[in-house]
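Asks: As a plain string of letters, each chain reads:
Number of protein chains: 2
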Amino acid sequence: MSNRIRNKKLLKRVCSAKEAAMLIKDNMNVAASGFTPSGYPKAVPLALAEICKENKEKIKINLYTGASVGDELDGSWARADIIKKRLPYQTNESLRDHTNKGRCEFLDMHLSHVPNYVKLGFLGKIDIAIIEAVAITKEGHIIPSTSIGASPTYVKMADKVIVEINTSQPLELEGMADICIPQNPPYKRPLPIVLPNDRIGTDYIPCGLDKIAAIVITDIEDNVRSLSPIDETSEKISENLINFLKKEVELGRLTNELLPLQSGVGSVANAVLAGLGKSEFENLVCYTEVIQDSMLDLIDTNKVLFASGTAITPSIEGLKKFKENIKTYRDRIILRPQEISNHPEIIRRLGVIAMNTAIEADIYGNVNSTNIMGSRMMNGIGGSGDFTRNAYLSIFTTSSTAKNGEISSIVPMVSHHDHTEHDVMVIITEQGVADLRGLSPKERAEKIINNCAHPDFKPMLLDYFSRAKEKSYGHTPHILGEALSWHERFMEKGTMIVE
Amino acid sequence: MSNRIRNKKLLKRVCSAKEAAMLIKDNMNVAASGFTPSGYPKAVPLALAEICKENKEKIKINLYTGASVGDELDGSWARADIIKKRLPYQTNESLRDHTNKGRCEFLDMHLSHVPNYVKLGFLGKIDIAIIEAVAITKEGHIIPSTSIGASPTYVKMADKVIVEINTSQPLELEGMADICIPQNPPYKRPLPIVLPNDRIGTDYIPCGLDKIAAIVITDIEDNVRSLSPIDETSEKISENLINFLKKEVELGRLTNELLPLQSGVGSVANAVLAGLGKSEFENLVCYTEVIQDSMLDLIDTNKVLFASGTAITPSIEGLKKFKENIKTYRDRIILRPQEISNHPEIIRRLGVIAMNTAIEADIYGNVNSTNIMGSRMMNGIGGSGDFTRNAYLSIFTTSSTAKNGEISSIVPMVSHHDHTEHDVMVIITEQGVADLRGLSPKERAEKIINNCAHPDFKPMLLDYFSRAKEKSYGHTPHILGEALSWHERFMEKGTMIVE
Chain R
1 MSNRIRNKKL LKRVCSAKEA AMLIKDNMNV AASGFTPSGY PKAVPLALAE
51 ICKENKEKIK INLYTGASVG DELDGSWARA DIIKKRLPYQ TNESLRDHTN
101 KGRCEFLDMH LSHVPNYVKL GFLGKIDIAI IEAVAITKEG HIIPSTSIGA
151 SPTYVKMADK VIVEINTSQP LELEGMADIC IPQNPPYKRP LPIVLPNDRI
201 GTDYIPCGLD KIAAIVITDI EDNVRSLSPI DETSEKISEN LINFLKKEVE
251 LGRLTNELLP LQSGVGSVAN AVLAGLGKSE FENLVCYTEV IQDSMLDLID
301 TNKVLFASGT AITPSIEGLK KFKENIKTYR DRIILRPQEI SNHPEIIRRL
351 GVIAMNTAIE ADIYGNVNST NIMGSRMMNG IGGSGDFTRN AYLSIFTTSS
401 TAKNGEISSI VPMVSHHDHT EHDVMVIITE QGVADLRGLS PKERAEKIIN
451 NCAHPDFKPM LLDYFSRAKE KSYGHTPHIL GEALSWHERF MEKGTMIVE
Chain S
1 MSNRIRNKKL LKRVCSAKEA AMLIKDNMNV AASGFTPSGY PKAVPLALAE
51 ICKENKEKIK INLYTGASVG DELDGSWARA DIIKKRLPYQ TNESLRDHTN
101 KGRCEFLDMH LSHVPNYVKL GFLGKIDIAI IEAVAITKEG HIIPSTSIGA
151 SPTYVKMADK VIVEINTSQP LELEGMADIC IPQNPPYKRP LPIVLPNDRI
201 GTDYIPCGLD KIAAIVITDI EDNVRSLSPI DETSEKISEN LINFLKKEVE
251 LGRLTNELLP LQSGVGSVAN AVLAGLGKSE FENLVCYTEV IQDSMLDLID
301 TNKVLFASGT AITPSIEGLK KFKENIKTYR DRIILRPQEI SNHPEIIRRL
351 GVIAMNTAIE ADIYGNVNST NIMGSRMMNG IGGSGDFTRN AYLSIFTTSS
401 TAKNGEISSI VPMVSHHDHT EHDVMVIITE QGVADLRGLS PKERAEKIIN
451 NCAHPDFKPM LLDYFSRAKE KSYGHTPHIL GEALSWHERF MEKGTMIVE
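Protein chains in written order, with the UniProt record's numbering: chain R, 1 to 499; chain S, 1 to 499.
Derived by calculation from the structure, the hints in this document are not laboratory data. Some hints could be false.
No copy is singled out in the list; a pair is fine if it fits within one copy or between any two copies.
Stated by the list, open to error - Quick list of in silico lysine-lysine cross-link-like pairs, DSS-like style, CA-CA up to 27 Å:
id : residue 1 : residue 2
1  : K119      : K12
2  : K119      : K247
3  : K471      : K84
4  : K442      : K85
Keep in mind that this is a model prediction, so the values were computed, not measured.
Chain R with its partners taken away, still in its complex shape (with noise of 0.2 Å):
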């Protein structure tokens, strides 16, 4: 354990996760790690679930972490009834039900505007941040594990921090981190990265010695899943996004090392960065969130050269070849925390490619990315937003249909919006891809409905589109009364198709 803990006098605060859970109180804020189901605490929140289990007394906390997190904190402490407040960003069903029920309250953050909120005192004080690492320094220092997140900021500002030292997690991580904590303003400088492998860091993130309670040693490992195959729909929208790609180098606005690539996660990403290493880009380097096994397979063909992010979420097969590979993908990947790694000033000046999901685009190119029928709360906004506003490219990819056809992904509007139309240049179906830079909102609708819709509803989105413009003003032509009756459609009759 010496290579774990390095300083004598820390080993005086291991316990036992129920012995650091009872440090939780009724109405803390608790800061925990965590990015995607990786680098999060799992030994203390599994005890505190337990503990209230057990107690009569019920105790209520808000729950801030980096992004999302495995079922081990999130799906526990909803299930306990833990949870009043979570922010930024979750994936977990019982949460999510939770949530959609009206059980706890959530806030959906730009991921970027965390760290950036707590220092500045708007989301209250920190009582406890609860961090995994591989290690505690000399200095009481921690190495984090597999995801950074807002983890320096937490332990910067929280009173107390509960250290899991996960030893399921390789000790040959360390060095793969680089963390650096702005300054709040006036006193912010400028971020000297011009490349997303430039370090402007430590590879720990600054704790010491008395700020730490407790230590608790576990082996449970991140909660990863498997990979779902790549379907039909994702490898079409992945074949466009790249043709749509290629198309720019051709034009000379790119070339063929594009620029800095940042993906979303799931099955259109995962097909998106396979469909990019069968292709002719070269020398490809990425500046994103989540790196995932099709980043870590172009980095083995050495199409990627090199990816900074936040985290790394491989699957179950992944991981293994990760911690196999893991000195090998040091050389290779920056993380960093998610106010460096989404932040508007890098985005901005690296020219990132951004590539994100939309849950549903409207004629116009708002897109919503969060809230399904309006109100049902699915993920989160998560980065999107950061990457988005910020990018020299961004792209939202989405199939043109859901729920086996009954729902069409293109509408007259979106049921909520994330992405305004002034920040959506391009939308990508299986259909075909829409262009939408300067175009003014009805030449929008027209690439929009005629490239990206299915067939089975683009008569209905032209048709609404040109009732539109004989009936309402000149600019964003809608008939209000009927702008979201296709999602009130689908809500009475499960269907958005006119019978």
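Given chain R, work out where chain S should sit, using these hints.
Replies: Using the frame of chain R, we list chain S on its own:
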């Protein structure tokens, strides 16, 4: 004229406005200087409109500017039916009418995006740039007049440049500009601005002798307007905003020097700045777009030490004062390209307090800044998105009602989304302040309805919210069939009030 045109070779290119206007051909992309009714070309546009009236054959062009411009350009060209497509912003009655009748296409863009898009080739090539100047240097570089806007990029990217030397613009403006044109990725570098008064460029727009195709001498003044007096509602909004800032100081989140201020234009903005003049805040600095009378007043009284913007647009009376004291103001004001004045990197770094006006806001904190009743373009998003998204504090102000109380500015769902729930931190009406930081959608709804809505509409909003909570999912409760019904009612009956 030798101090205005400093190279004798250029004298040969001096011609009449009509001769210069003849350079503009059908189907061209024409870019013009101008940001608010200041620093835009006047003589050549008027001459072109004249030519088009006389000639039988129509010409149609795309007009790109910094932001809005005066009637000599937007108005005369709209009335002459010359404009095919217009971007990125406008405030002209004739052009607005044209747009809303669908007779020209208007592209409503974030102002920081415009020069970037042009340099990247996303908006096609610039055939001709028409730039108002106070002088041309020996080397053929342009000393801009009262606005910078997108002119540096337009000059750089244009095939030909027409310069309007405006002798009504004082030569003493020379030295006020700080021109820097960031590279395209992957060659962008950090912008070394850490204080609003940092200079990073030249005081002229690089052009060169060869590019100047024609020079026109004119003395038509900037078409600025008189100020309307501050009304009671604006005064109350200003009071609420200043009290909110005082509370932030009490909470230790700001000092009495605040942070750099950005302020939109209009009567509320004027009232707020006037209010700051009477407040205990001191040593203020501004990092904003447009510098108006009230900011000059604050400079006069040393309340504001320094202001950075992209345009100076005083009233008729203010313009007189500005010209008389221009040498003093020149030490206290920098005019920058809109790519820099509105740059996400600088705004986030400086920690700007952004104060902008909303047309309407909804109970979840989404803001409409552009489309009245979802379809009718007012002016455009302007820089409000650039500042809001990256601000230390993003504040939106609006009167709680419009049209003599028939319209509620707080609605169940905005009819157009320009700023989403993820970006809006504070909403202020004459009724009160809703501080939305750290609140979930449902918590925001309660704050906004109770603190900001007009008493005439509060019960209706509470009723909608409570029924939505019963009927829909619990995250962002909405009744989609009713969400936009208030706007429909207004369009049918002239009031949002249920009879």
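Asks: Taking the hints in turn, state whether each one holds.
Replies: Hints and how they fare:
When the C-alpha separation of K119 and K12 is checked against a cutoff of 27 Å, the pair qualifies neither within a copy, at 30 Å, nor between copies, at 61 Å. For the homomeric pair K119 and K247, the shortest alpha-carbon distance between copies (18 Å) is at most 27 Å, but the shortest distance inside one copy (43 Å) is not. In this assembly of identical chains, K471 and K84 lie within 27 Å of each other by CA distance solely across copies; the values are 22 Å between and 46 Å within a copy. Proximity of K442 to K85 under the C-alpha cut-off of 27 Å is restricted to the inter-copy arrangement: shortest distance 12 Å between copies versus 41 Å within a copy.
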